[in-house]
Amino acid sequence: MNTGDEMPATAIYQAPVLRRVEVATPRAADEATARTEEVKISTDHVSIKYGEKVAVRDVSLTVQDRSILALIGPSGSGKSTFLRCLNRMNDLIPGASVQGRVCLDGENVMDPDVSVVELRRRVGMVFQRPNPFPMSIFENVAYGPRRRGLNDRRKLDELVETSLKRAALWDEVKDDLRRKSGLALSGGQQQRLCIARVLATDPEVILMDEPASALDPVSTLRIEELMRELREAYTIVIVTHNMQQAARVSDVTAFFTMAEDRAGYLVEVGPTGRIFTRPNERLTEDYISGRFG
Amino acid sequence: MTTTSNPAMGRSAGPKPSLRRKASRGSILADRAATVALWGTGILVILILGAIILHFALAAWGVVSPSFILSDPSRATLGGVMPILWNSIYILVLTMLIAVPVGILAGIYMAEYAGDNGITGAIRFAEESISSVPSIVVGLFGLILFVDDFHWGFSALGGSLALTFFNLPLMTRLSEQALRAVPQEERNASLALGATKWQTIQHVVLPLAIPGLITGIILTAGRVFGEAAVLLFTSGVGTPPHYNFLNFDLTNPASPWSPFRPATTLSVYIWNLNSEGLGAFKNQIVDGSAAILISMVLIFNLGARLIGRLLTRRLTAA
Amino acid sequence: MAQLTSVYRTAGLRARPGLLARIDLPRRIVFLAAASMVAIVALLLAFIAWQGIQLFVKDGVSVGTIVSPTWNPLADKGPQFGLLPFILGTIYVTAVALLISAPLSIGLALFLSEVAPNWAKAIVQPALEIFVGIPSVVWGWLGITVLVPFLADTFHGPVVVSLPIVGQVFSMPGFLTGFSWLAGSLVLSVMVLPTITSVSYDAFRAVPQELRTGSLALGTTRWQTIRHLLIPAALSGVLTAVVLGMTRAAGEALAVQMVIGNSPTLPASITQPVTTLTSQITLDMGNTVFGEPWQDALWTMSLVLLLISITSVVLVRVINKRRLAS
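Sequences listed follow chains V, R and W, in order. If you number the first sequence the way this note's numbering does, the last residue is 289 and the count never jumps. If you number the second sequence the way this note's numbering does, the last residue is 371 and the count never jumps. If you number the third sequence the way this note's numbering does, the last residue is 384 and the count never jumps.
Accuracy of the hints is not assured; some may be wrong.
[Claimed, not checked] Below, a sample of chain V positions facing chain W; criterion: calculated Cβ distance under 7 Å:
1. 113
2. 116
3. 117
4. 121
5. 127
6. 130
7. 143
8. 145
9. 197
[What the hints assert, rightly or not] In silico DSS-like pairs for lysine-lysine, Cα to Cα no more than 30 Å straight-line:
10. 176/V x 379/W
11. 161/V x 151/V
12. 170/V x 379/W
13. 176/V x 161/V
14. 45/V x 379/W
15. 176/V x 151/V
16. 179/W x 49/V
[To be verified] The following label-pair restraints were derived from C-beta to C-beta distances:
17. 290/W x 154/V: 31 to 37 Å
18. 114/R x 179/W: 28 to 34 Å
19. 138/W x 119/R: 37 to 43 Å
20. 88/V x 328/R: 23 to 29 Å
21. 355/R x 93/V: 35 to 41 Å
22. 369/W x 175/V: 30 to 36 Å
23. 352/R x 179/W: 43 to 49 Å
24. 171/R x 138/W: 42 to 48 Å
25. 282/V x 169/R: 50 to 56 Å
In short, the hints are calculated from the structure, not lab data. Cβ coordinates follow ideal geometry from the N, Cα and C atoms, glycine included.
From just these sequences and the hints, can you work out the full model?
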């Protein structure tokens, strides 16, 4: 996997110190996947409320390391809300409260002790609409590392190059890194820039909230291609309205829907192949065959 | 692991850091310090304002009374400010009578008619320039134009005109904002019915913009009421004589209703008393005058907010 | 159903509009109202410029006097009209006022846009509006009754800063009377605070929320987001705010005149009296006669003030044009 000529990004940061945490066993209800990796993220009876209104109810699922989990379902079923609690971005919404456990490598991220800043470095997020900063391409990608204290010019150069290469944007911008503004790129390029920006913080998980919905079909396919490449090294959770995209790209699919009281809940989760051909639940089958949503 | 087409891909294995490790103690500390400092600025402003209001409330406690407001100035005793207060109100009304119509009309042009051309650019530049010119320079301009060239001497009308010049950009800008706030759909609906542009403005846009326009008027009035430097050189400074309010001869400079007479206002009076430095009761008189000024400012400001909110609610709820 | 006969006179689609409509009176009237501002500025510039150059044109004083440091209009042997004490005085008082006020105002703007909960905003914003409304003479009166005596009493002796071992590090003469450069700057700083705050606040609010979200999602603290993303993104707006504050401070006349002491010499430290263009005009105008060189010098000073304010308008445009280009 390491080709040797690229310096892994983590080596640039100070080596963190801690012993390995015990691996959680996959839940019996989900069928075993072909990849027997450890569990990267597990959520245990997670519910999210905005004030008194329940937005998401009782979601329990696991995400294997280096796999892609797609969250699908109709609008309002709580997919994005659920996604946001994996990096605690719901904290930014006044009145939002989360119950249950959300564990990253076995550690509960909802713990008050946990450093949210550190969590977000390890669990990055790409948004629906590309949001590059009004700075040069180089500065956009270097933003995360700089805030972490990395200012060595040579190391930053390498890190920016690596990140842009992993985001499949390097060849298109390598001559204009410092002169061109991030805002001057096309929509698809901007989104890849945002991905490169996240990669520069050396995350382990990448959350994507409908990353291609604002892009044209060609750019969309490029992003999907990129996701498949990224899966080699990262764990990816993606929210998408596009079922074909979920089928093309993901290893595991989770289907959410809205209950009568307008709270979102998890209907079914399983390997993508099975979900799309032999779903267990009637609701899932109806959604996939287009009968609603 | 399988190699991929992207040679850059790859993660190093290694122990994963705990989330409890403080990301960078320095930056979290800096964040806390910054939050405290920013809260500090908010608290400081409130404290200063509170202190000022309290100071004047206490200083003017024994001074401001109905007799203070209604009686004439006097050197020997603690005189009142009646003619001066009258002048402030007179000049305010006269200024607003001129500035409000012109300002609203100008705002209509800027919001509804102005295109993206050189003339509009010139108007905007003029707007910004007048806003930046020091009030004293506007006063001096009034000195040349009204006091000397027009031979009016120090006059309330000269002061009001100079004040109109000075506040026209503000009134225009606030009117333009109020008109732009009216949604385009309303205009479209009117035009689609075959109404002309002016009819649309007159019957649809203006009525909807009224809350914003009134707020703009009140805010401008607040600024006019407290103005001193402009009036110092146009409407004059001094202690007014007793006003006979039954004298309605507008051409007679002795009549308080005439615009062609000098008119010392509250702000100018304060400055004058300070620089003259005479009189045993100077401090109290000034404190009392200042307290009246501040009260009027408070009334204008809070009034503008309240009336604006009330009218908007009635208009949108209806 | 009976057919509705039209009660309107149909003019037909090709009918020419009537004379009144072609003149479009409403448009002309509102245009005149707006264009009047151009006329006002033009007149203002013309009159002040005309009066301002009389000192050179009519009285034969050399243009270099503007930067001459000697101001002595009543000298028998040859009156001196050097304007440098006033120009420098304006610069000194304005600069220190900005030094005090700008960080505070920008901090307040950040507080309102990034930190303050709604209840705090509902208190601070009206407070700022009231701040704006307080007339300048009231600030001057406060300065003269509260600030000036305070400075005179508290810092009467020389202000000395000494550290252990190193000894005396800094010293300056104390406030003799309290009327001083510092008093003027302090009064000005509270007067321009609302201006800088409100323009900066608008600039911060204009930065889209998604940029903040993007930064926080990368694992930064709020202060890091403010310092490294927000302020650079809003920089042109903040610079505009400071320039506007500077213009207001330089142009303020009465409040400043009441507290700065008005001695037409250059101060050696901020504890000493100083004079500005505006305060000198205010003091002398009433004592001079129209047409005499002394008054012509005052008109030249007003011309200088006018030029300063026009320059700042141009400066603001330059700052913002660069932003639009990027």
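Here is what the structure says about each hint:
1. Nearest Cβ of chain W to the Cβ of residue 113/V: about 5 Å, under the 7 Å cut. The hint holds.
2. Annotation: interface hint on residue 116/V holds; nearest CB of chain W at approximately 4 Å, less than 7 Å.
3. For residue 117/V, the shortest C-beta to C-beta distance to chain W is roughly 3 Å, which falls under 7 Å, so the interface hint holds.
4. About 4 Å separates the beta-carbon of residue 121/V from the nearest beta-carbon of chain W, less than 7 Å, and the hint is met.
5. With its C-beta approaching chain W no nearer than about 4 Å, residue 127/V sits inside the 7 Å limit, and its interface hint holds.
6. With 7 Å as the threshold, the beta carbon of residue 130/V comes within range of chain W, its nearest partner Cβ sitting at about 5 Å, so the hint holds.
7. Proximity of residue 143/V to chain W holds as hinted, the smallest CB-CB distance being about 5 Å (cut-off 7 Å).
8. A cut of 7 Å between beta carbons decides the hint on residue 145/V: the least distance to chain W is about 11 Å, and the hint is violated.
9. A least Cβ separation of about 6 Å between residue 197/V and chain W falls short of the 7 Å threshold, and the interface hint therefore holds.
10. Simply put, residue 176/V and residue 379/W have alpha-carbon atoms about 19 Å apart, close enough for the 30 Å limit, and the pair holds.
11. As the CA atoms of residue 161/V and residue 151/V are separated by approximately 15 Å, the hinted pair is consistent with the 30 Å bound.
12. Taking the CA atoms of residue 170/V and residue 379/W, the gap is about 29 Å. The hint holds against a cut of 30 Å.
13. A distance of roughly 17 Å separates the Cα atoms of residue 176/V and residue 161/V; the hinted pair therefore holds under the 30 Å criterion.
14. Between residue 45/V and residue 379/W, the direct Cα distance comes to roughly 46 Å. Violation of the 30 Å bound is thereby established for this hinted pair.
15. With a C-alpha separation of about 21 Å, the suggested pairing of residue 176/V with residue 151/V holds against the 30 Å cut-off.
16. At most 30 Å may separate the alpha-carbon atoms for a hinted pair to count; residue 179/W and residue 49/V meet this at roughly 27 Å.
17. Taking 31 to 37 Å as the suggested C-beta distance range, the pair residue 290/W and residue 154/V does not conform, at roughly 25 Å.
18. In this structure the supplied range 28 to 34 Å holds for residue 114/R paired with residue 179/W, their Cβ-Cβ distance being about 32 Å.
19. Checked against the hint of 37 to 43 Å, the pair residue 138/W and residue 119/R fails, with Cβ atoms roughly 53 Å apart.
20. For residue 88/V paired with residue 328/R, a C-beta distance near 56 Å fails the hint of 23 to 29 Å.
21. The hint said 35 to 41 Å for the Cβ distance between residue 355/R and residue 93/V, and at roughly 37 Å that hint holds.
22. The hinted range of 30 to 36 Å is satisfied by residue 369/W and residue 175/V, whose Cβ atoms lie roughly 32 Å apart.
23. Judged by the Cβ atoms, the range 43 to 49 Å given for residue 352/R and residue 179/W is violated: they are separated by roughly 22 Å.
24. Checked against the hint of 42 to 48 Å, the pair residue 171/R and residue 138/W passes, with Cβ atoms roughly 45 Å apart.
25. Taken as a hint, the range 50 to 56 Å holds for the pair residue 282/V and residue 169/R, whose Cβ atoms sit roughly 54 Å apart.
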